[in-house]
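Peer 1: The residues making up each chain are set out below.
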Amino acid sequence: MKRWLGLYAALVYLFLHLPLVILAAFSFNSSRFTVWQGFSLHWYRAIFQDRQLGESAWNSVIIAVVATIFSTIAGTLCAYGLWKRGSALLSGSLYLSLVTPEIVMGISLLALFQWSFRWLHWRLGLHTVILAHVAFSIAYVVIVIAARLRTFSPALEEAALDLGATEWQAFRFVTLPALLPGIVAAALLALTVSFDDYVITSMVAGVDSETLPMVIYAMARRGASPVINAISALIVVVFGALVLISERMREA
Amino acid sequence: MRRVVNRRIFLMSAAGLAGCARGRPRLNVYNWSNYVAPDTIANFEREFGVHVRYATYESNEEMLAKVLGGNSGWDVVFPSHNRIPPMRQYGLLAPLDHARLPNLPNLEPRFQSPPWDPRLEHCVPYMWGATGIAYNRSAAPPPDAWADLWNIRFKGRLTMLDDPEEVLGACLLKLRLPYNSTGERSLRLAEREAIAQKPLLRAYLNAEYRDQMVAGDILVAHSWATTAQQAIDAAPQLAFAYPTEGFPLYGDNAVVLRESGRAELAHDFINYLLRAPVAAAIVETSRTATANAAAQALLPEELRRNTTLFPAADTLARGQWIATMPSATQRLRDRMWTEIKSA
Amino acid sequence: MTAASGWERLRAWFLLPAWIWMAVLFAAPFAIVIVYSLLTRGAYGGLGLPWTLENFARLLDPLYLGIVLRSFVMAAATTVICLLLGFPLALFISRAGGRKNIYLQLVILPFWTSFLVRIYAWMFLLRDTGLINTALQHLGLIHDPLPLLYNNGAVLLGLVYGYLPFMVLPVYATLERLDPALVEAAADLGAKPWPTLLHVILPLSVPGIRAGSILVFIPALGAYLTPDLLGGGRTVLIGNLVENQFTNARDWPFGAALSVGLMALVGVLVLLMLRSEREGLV
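So the sequences go chain by chain: U, V and W. Residues in the first sequence are numbered from 0 upward in steps of one, following numbering that gives the first Met the number 0. Residues in the second sequence are numbered from 0 upward in steps of one, following numbering that gives the first Met the number 0. Residues in the third sequence are numbered from 0 upward in steps of one, following numbering that gives the first Met the number 0.
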C-alpha cells in the first residue's frame, strides 16, 4: 500500500505545482500566445517599465508590512492570553472571522468605513486597507501561535515565578524567546495573506491604495497577457525564498 | 495600551500622508481603461508641474460604486452620458466654469449641446461610440444584424457583453423594439430571447474577448466599436458591423466631482484633453471615436475614414442614444439579469 | 496578591487589542450590515429610511433560493473532492517519517503564491488556445479545441485547486496524532491494510476531516473570484450575487440581507462544529 500511496502523492503534487511551473515557463516566451517561440526577457522588462505596477507593488508592500506588524503583535498577545484561560466569545469570533467568506467581510468593512466617515471626514485609502487587513489576518496569527503554545509547558513560567520574577518578566524572558520561531512563521503567514488579498482590498481601497492584486485582476479581465505570467513568477520566487528563509530560521 | 494606540494612529497617518508629502499639487483622475495615449498624462504632469494619480475602471457601475458616497477622493471621472442626469440629481457634479475651458469650441457641433446636457453645465463630451458585432471574416456570410447572434452556426464561438443593459438592448432590437423600452412586457420578451441564446454562448465577456478573437477562439462577439477596432488592428481578418436593426450610442464625458477640492486643476486637465493634438494622439493609440472635431482634422487619412470608428451618416442614423433608466425599470432589469445568468 | 491574579491581570492586558479588534473590526461591521439589511434602497443606490423586512422576504424568492442551492452543491462537491484527493495525501505525509516537514511544505507552497495567480494559471491552461488544447491538438488527439474554460467544471477545478491545502493540513494534524499502537493492534489481530483503513484509521480521523471540511466548505460557499474569472459570467453563485448588489445593482440593503443570511448559515455550521469538538482550533 505504501508504494501506491507514494505514487498517488507524487501525482497530487504534480497537480498542485505544474500549473505554476508552466505559468512561470511561459513568462519567458517571446510570443504572447501559447506556442513557444523563443526565450525572451521582454515581459520582465515590461514589468519594470510600468509605473502603475511599480506603485501598486509598493502599496502592497507597505500595507502588508504595517498590517503584519499590528496583527502579529495583537495576535500573539491574544493567543497567549487565551492559552492562560480561554474565552469562548473571542475564540468563536476568531474562528468565525477565519471562515467568513471574503466578500462578506469586505462589504461589512466597507459599510463600517462609509458609516464612520460621516463623522471622521476621512476617505478610503491606505489606512482603511491596512485596518481591513489587520481585521482578517489576526485569526491566522492566533492559530499559529496557539498551536505553538500547545507544545509549551507552563511549568517553565512557574519556575521563573518561583525564582522571583513577575508574570510579565516570565512572559518576556521565558515564553517569548521560545515563541519567536512561531511568531516569525505567523508573521510570514500574515504577510502572505495580506499581500495576496484581492476581494477585501478592492472593496475598501481608495484613490491612493491600488495594490498589486488589483492590477493583476484588471489585467486578467482585459485578456491574457504574459506580463501576468512574469509577475506571477516573480511573486512565487520571492515568497518561496521568504518561506525557505523562515524555515531555515525555524530549524535553527 | 495608550502607547500602542498612539503608535497605531501615528503609523496610519504616516502611511496615509506618505502619498501626499510629495511637494507637487496632485490631481486624481479615474478613467476607462485604454482611454489615453501613453504620454498624455506624463505630458500634462510636465507642463503643469503636477502629479496625476491615474487609475482605470471597466464599467460605469465600478466607478459609481466608488463615487456615490461623495468622498471617494477622485477629482475627474468619465461617466457615460446616461449616468449624468442621476449624478447631477445626487449633487455629485461640480458646475463647470466655461471661462476655464477655452478649448470647448473644438468639440463637434452636436456635442456642444448634447441632449443630456444642452448647455454643458456639468460635463464635457470626451469620446463616443456604439455597440455592434465584431466578427471574423471566415464566418461567411458575415453577420450584420442582431438576429444573426442567435444563429446556431456560431454555437460555442459567440460571446456577449457582460452588461445587462447591452444584452437586453440587443434582444430588444432583435425583436424590433426600441432599445430604451421600459415596459415590462417588452423586457420579458427580451429576457426570453437572452435565455434562449444562452446555450449558444461561450461566455459573457467585455474587453476580455479581444485576445480570444484575435487568436481565433471566438468567431462572433457582441462588442463596442473601439474594442473591435483594437482587435482588428491585431488581426486584419476581423471586421465590425453596425447591425441593421439599429444600435445603441453612448458618449463618455469628463466631469468634475463636487467633492473635489481641486476644481481649477481639474478644469485645466479637461481643457488640456480638449486640445486637438492631445485628443488626436489619444485616438491614434486607443482607437476610440473622439467628440473633438479639431482633433479629427489632425488624424491620418485612414483613421478619419475608418468606418468602424466613424460610421457614415446613414449608418449613424440607425443609432439610438441610450436613455437614463427610471429606477423601477432598473430594478426590473437587474432582476432579469440575475434570472438570465442563473438560467 | 496571589500568583493567579497576577496572571489574570497580564491576561486582561494582553487580550485587550484582540477585544478592540473584535468590537471595532468584527462585531461593529456586522452590526452595521444588519442595520443596512433592514433599510430600503435609495433611487440610484445608497440607502433610504423606511425600515423594512422586505429584503429578507426577497431571500425566499425561488430565483435566489436556486442560487443558494447551486452554491451549496458547488461547495459540497468541492469539499468532497478535496477530501477524496486530500485524505490519501495526508495519510502519505503522516507516514513519511523524517521527511514529513518537506512534504508538508510542498503542499503549502502553492498557497504562498497569490490566489489570483493560481486562478490565472488555470485560465492560461484551459483556454481554447491554452496549453492543454494546444498540446492535445499537436498530438493529433483532437481537431477542434475543447471548451474547457467558462463552465462549472472549470470553476470546480479552480475551487478544488485553491482549497486543497485547507483540507490536507487539518486531516494531517489529526492523523499525525494517531497512536500507531492502534494500527499495530489491528494488524496483530489479523486485519489487512484496507479494512484497517476503513474501520480503524478513518473513524479516528473524523475530527480532522470535520475541521478540514468546514475550512473548505464555507469559503467555497462564498467564493466570488473563482466563479467570476473561470466561469465566464455564465452562472451566478452567492458570492457573485452579493458582490453584484454592492456594485452593479446598487442595492445595498438586499446585498446586506444576503450577507446576513449567508453568515447565519455559516454561524450555524461553525457552532455545530465547535460544539462537537472538544479541542478547538484556537
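Please note that the accuracy of each hint is not assured.
[Said to hold, decoys possible] Partner residues are not named here, just some residues of chain U that face chain W (Cβ under 10 Å, in silico):
(1) ARG44
(2) PHE47
(3) GLN48
(4) GLN51
(5) LEU95
(6) LEU109
(7) PHE112
(8) VAL141
(9) LEU188
(10) PRO212
(11) ILE215
(12) ILE244
[To be verified] 35 Å max Cα-Cα, derived DSBU-like pairs, lysine-lysine:
(13) LYS1/U / LYS99/W
(14) LYS197/V / LYS154/V
(15) LYS99/W / LYS191/W
(16) LYS191/W / LYS1/U
(17) LYS83/U / LYS99/W
Hints in this document: simulated from the structure, not taken from any laboratory. Where is the CB? At the ideal position from N, CA and C, for every residue including glycine.
Peer 1: Each of the hints needs a verdict: does it hold here or not?
Peer 2: So, going through the hints one by one against the coordinates:
Taken as an interface hint, ARG44/U does not check out: its beta carbon lies about 20 Å from the nearest beta carbon of chain W, beyond 10 Å. Nearest Cβ of chain W to the Cβ of PHE47/U: about 19 Å, over the 10 Å cut. The hint is violated. About 21 Å separates the beta-carbon of GLN48/U from the nearest beta-carbon of chain W, more than 10 Å, and the hint is not met. Interface hint status for GLN51/U: violated, as the beta-carbon distance to the closest one in chain W is roughly 16 Å, over 10 Å.
Checking LEU95/U against chain W by beta carbon gives a least distance of about 6 Å; that is within 10 Å, so the hint holds. For LEU109/U, the suggested interface contact is upheld, since its CB lies about 7 Å from the closest CB of chain W, less than 10 Å. Because the closest C-beta pair between PHE112/U and chain W is about 9 Å apart, less than 10 Å, the hint holds. For VAL141/U, the interface hint holds, the least distance from its beta-carbon to any beta-carbon of chain W being 5 Å, beneath 10 Å.
A cut of 10 Å between beta carbons decides the hint on LEU188/U: the least distance to chain W is about 9 Å, and the hint holds. Using the Cβ-Cβ criterion of 10 Å, the hint placing PRO212/U at the interface with chain W is satisfied: the shortest such distance is roughly 5 Å. With 10 Å as the threshold, the beta carbon of ILE215/U comes within range of chain W, its nearest partner Cβ sitting at about 5 Å, so the hint holds. Against a cut-off of 10 Å between C-beta atoms, the interface hint on ILE244/U is violated, since the closest Cβ of chain W lies about 12 Å away.
Simply put, LYS1/U and LYS99/W have alpha-carbon atoms about 15 Å apart, close enough for the 35 Å limit, and the pair holds. Only pairs whose Cα atoms come within 35 Å are accepted, and LYS197/V paired with LYS154/V is accepted, the gap being roughly 10 Å. A threshold of 35 Å between alpha carbons decides the hint, and for LYS99/W with LYS191/W the separation of about 25 Å falls inside it, so the pair holds. Among the hinted pairs, LYS191/W with LYS1/U is consistent with the structure: their alpha-carbon atoms are about 13 Å apart, no more than 35 Å.
Between LYS83/U and LYS99/W the alpha-carbon distance is near 30 Å, which keeps this suggested pair within the 35 Å criterion.
Violated hints, listed in ascending order, are 1, 2, 3, 4, 12; each of the other numbered hints is respected by the structure.
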